[in-house]
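Visitor: Sequence:
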Amino acid sequence: MKKLLCAAVLLVCASAFGQQSLNNASIEKLSKSGLGNDVIVAMIQSQPGSYDVSSSEILKLKQAGIADKVLAAMVEKDGANEQSSNSNYANLDIGVYTQVKGAWTVVPTEVVNWKTGGFLKSLATDGIIKGDVNGRLKGAHSSTKLTSATAILIKAPDGDEATDFQLVHLHQKSHAREFRLVTGGVIHASGGASRDAVAFKQKRVARRTYLVQLPADLKPGEYAFLAPGFSASTTAGSAGKAYSFTFVE
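The sequence shown lines up with residues -18 to -1, 1 to 231 when you count with mature numbering (1 follows the signal peptide of the UniProt record, and there is no 0).
In short, the hints are calculated from the structure, not lab data. Where hints are given, some of them may not hold.
[Claimed, not checked] If you anchor each label on the Cβ, the simulated ranges turn out as follows:
{"no.": "1", "residue 1": "ALA133", "residue 2": "GLU39", "range": "38 to 44 Å"}
{"no.": "2", "residue 1": "GLY16", "residue 2": "ASN73", "range": "42 to 48 Å"}
{"no.": "3", "residue 1": "PRO139", "residue 2": "ASP34", "range": "22 to 28 Å"}
{"no.": "4", "residue 1": "GLU58", "residue 2": "SER125", "range": "43 to 49 Å"}
{"no.": "5", "residue 1": "PRO30", "residue 2": "ASP146", "range": "26 to 32 Å"}
{"no.": "6", "residue 1": "ILE76", "residue 2": "ALA49", "range": "39 to 45 Å"}
[Unchecked claim] Straight-line alpha carbon distances no greater than 30 Å define the calculated BS3-like cross-link-like pairs of lysine-lysine that follow:
{"no.": "7", "residue 1": "LYS83", "residue 2": "LYS201"}
{"no.": "8", "residue 1": "LYS11", "residue 2": "LYS120"}
{"no.": "9", "residue 1": "LYS44", "residue 2": "LYS127"}
{"no.": "10", "residue 1": "LYS155", "residue 2": "LYS97"}
{"no.": "11", "residue 1": "LYS97", "residue 2": "LYS51"}
{"no.": "12", "residue 1": "LYS11", "residue 2": "LYS44"}
{"no.": "13", "residue 1": "LYS97", "residue 2": "LYS120"}
{"no.": "14", "residue 1": "LYS155", "residue 2": "LYS183"}
{"no.": "15", "residue 1": "LYS185", "residue 2": "LYS155"}
{"no.": "16", "residue 1": "LYS11", "residue 2": "LYS183"}
{"no.": "17", "residue 1": "LYS120", "residue 2": "LYS83"}
{"no.": "18", "residue 1": "LYS83", "residue 2": "LYS223"}
{"no.": "19", "residue 1": "LYS14", "residue 2": "LYS51"}
{"no.": "20", "residue 1": "LYS51", "residue 2": "LYS120"}
{"no.": "21", "residue 1": "LYS42", "residue 2": "LYS185"}
{"no.": "22", "residue 1": "LYS97", "residue 2": "LYS201"}
{"no.": "23", "residue 1": "LYS14", "residue 2": "LYS185"}
{"no.": "24", "residue 1": "LYS185", "residue 2": "LYS44"}
{"no.": "25", "residue 1": "LYS83", "residue 2": "LYS183"}
Even for Gly, the Cβ is constructed at its ideal location relative to N, Cα and C.
Construct the complete structure from the given sequences, taking the supplied hints into account.
Guide: And the structure:
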């Protein structure tokens, strides 16, 4: 009889939460509703969920009265999700991707040359250049078109996150696109593209793999992601690369 009652309760709870993925807040709400720990554990094991199991969050849940067996189930489910996610993205190389017909497709890179004092130059790794330094891409538009509904993913190098990639706004010229690396003063090759940088959010979905959320107020135009170490990696006689796109809203 007890097993039948638990099954009935589980069915009701599954119906109530079946339309959404479970998370830390869901588990806390279920626990405070008076459900038994066995029922909550069964829901964690059987339903989709995404849990923050960092030490600070686990401590918060423990202080909120969540049972150890429930916390253990959350940690176990998070580990299973991580393993599954890692296998889904394991074959992706480092780069920026968009989702096309359900498959992740790499965004083509473009060559970036340096323009300073009215001349195109390469920026030596150990060199210092005075004055304005612009990164310049050929052509007024990128071949990649994105909208606010387009899913963007970044596979980062070891030790880096998606936000170590710099997103920059490109200013359109007649036959080129440019971004400002620095204005005046003196800059070393490792300087950043702070003037035209655009902030964005990331969500980790697997090891070294992040979904990117562009700003809600991002204006239509030309943009590019610069990989970590972009400026410092350029050497005399060579040029950097950028993952460019046209944002069409």
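Visitor: Please go over all the hints and tell whether each is borne out by the structure.
Guide: Do the hints match the structure? See the list:
Roughly 26 Å separates the CB atoms of ALA133 and GLU39, a value that falls outside the hinted 38 to 44 Å. Roughly 46 Å separates the CB atoms of GLY16 and ASN73, a value that falls within the hinted 42 to 48 Å. Between PRO139 and ASP34 the beta carbons are some 25 Å apart, a value that agrees with the proposed interval 22 to 28 Å. The hinted window of 43 to 49 Å between GLU58 and SER125 holds, with their beta carbons roughly 44 Å apart.
About 30 Å separates the C-beta atoms of PRO30 and ASP146, a value consistent with the hinted range of 26 to 32 Å. About 41 Å separates the C-beta atoms of ILE76 and ALA49, a value consistent with the hinted range of 39 to 45 Å. At roughly 25 Å between alpha-carbon atoms, LYS83 and LYS201 fall within 30 Å of each other, so this suggested pair holds. Restraint check for LYS11 and LYS120: not satisfied, since their Cα atoms lie roughly 54 Å apart, outside the 30 Å limit.
Distance hint between LYS44 and LYS127 is unfulfilled; the C-alpha atoms sit about 46 Å from each other, more than 30 Å. For the hint pairing LYS155 with LYS97, the CA-to-CA distance comes to about 13 Å; that is within 30 Å, so the pair holds. Proposed proximity of LYS97 and LYS51 is contradicted: the alpha carbons are some 61 Å apart, above 30 Å. Between LYS11 and LYS44 the CA atoms are separated by roughly 13 Å; this keeps the pair inside 30 Å, and the hint holds.
Taking the CA atoms of LYS97 and LYS120, the gap is about 12 Å. The hint holds against a cut of 30 Å. Annotation: proposed proximity of LYS155 to LYS183 holds, straight-line Cα distance about 29 Å (limit 30 Å). This hinted pair does not check out: LYS185 and LYS155 have alpha carbons roughly 34 Å apart, beyond 30 Å. Using a Cα cut-off of 30 Å, the hinted pair LYS11 and LYS183 holds, with the two alpha carbons roughly 27 Å apart.
Taking the CA atoms of LYS120 and LYS83, the gap is near 29 Å; set against the 30 Å cutoff, the hint holds. About 26 Å separates the Cα atoms of LYS83 and LYS223, which keeps this hinted pair within 30 Å; it holds. Among the hinted pairs, LYS14 with LYS51 is consistent with the structure: their alpha-carbon atoms are about 15 Å apart, no more than 30 Å. Using a Cα cut-off of 30 Å, the hinted pair LYS51 and LYS120 is violated, with the two alpha carbons roughly 58 Å apart.
Between LYS42 and LYS185 the CA atoms are separated by roughly 21 Å; this keeps the pair inside 30 Å, and the hint holds. Taking the CA atoms of LYS97 and LYS201, the gap is near 25 Å; set against the 30 Å cutoff, the hint holds. Proposed proximity of LYS14 and LYS185 is supported: the alpha carbons are some 28 Å apart, at most 30 Å. At most 30 Å may separate the alpha-carbon atoms for a hinted pair to count; LYS185 and LYS44 meet this at roughly 25 Å.
Our distance criterion of 30 Å between C-alpha atoms is met by LYS83 and LYS183, whose separation comes to about 24 Å.
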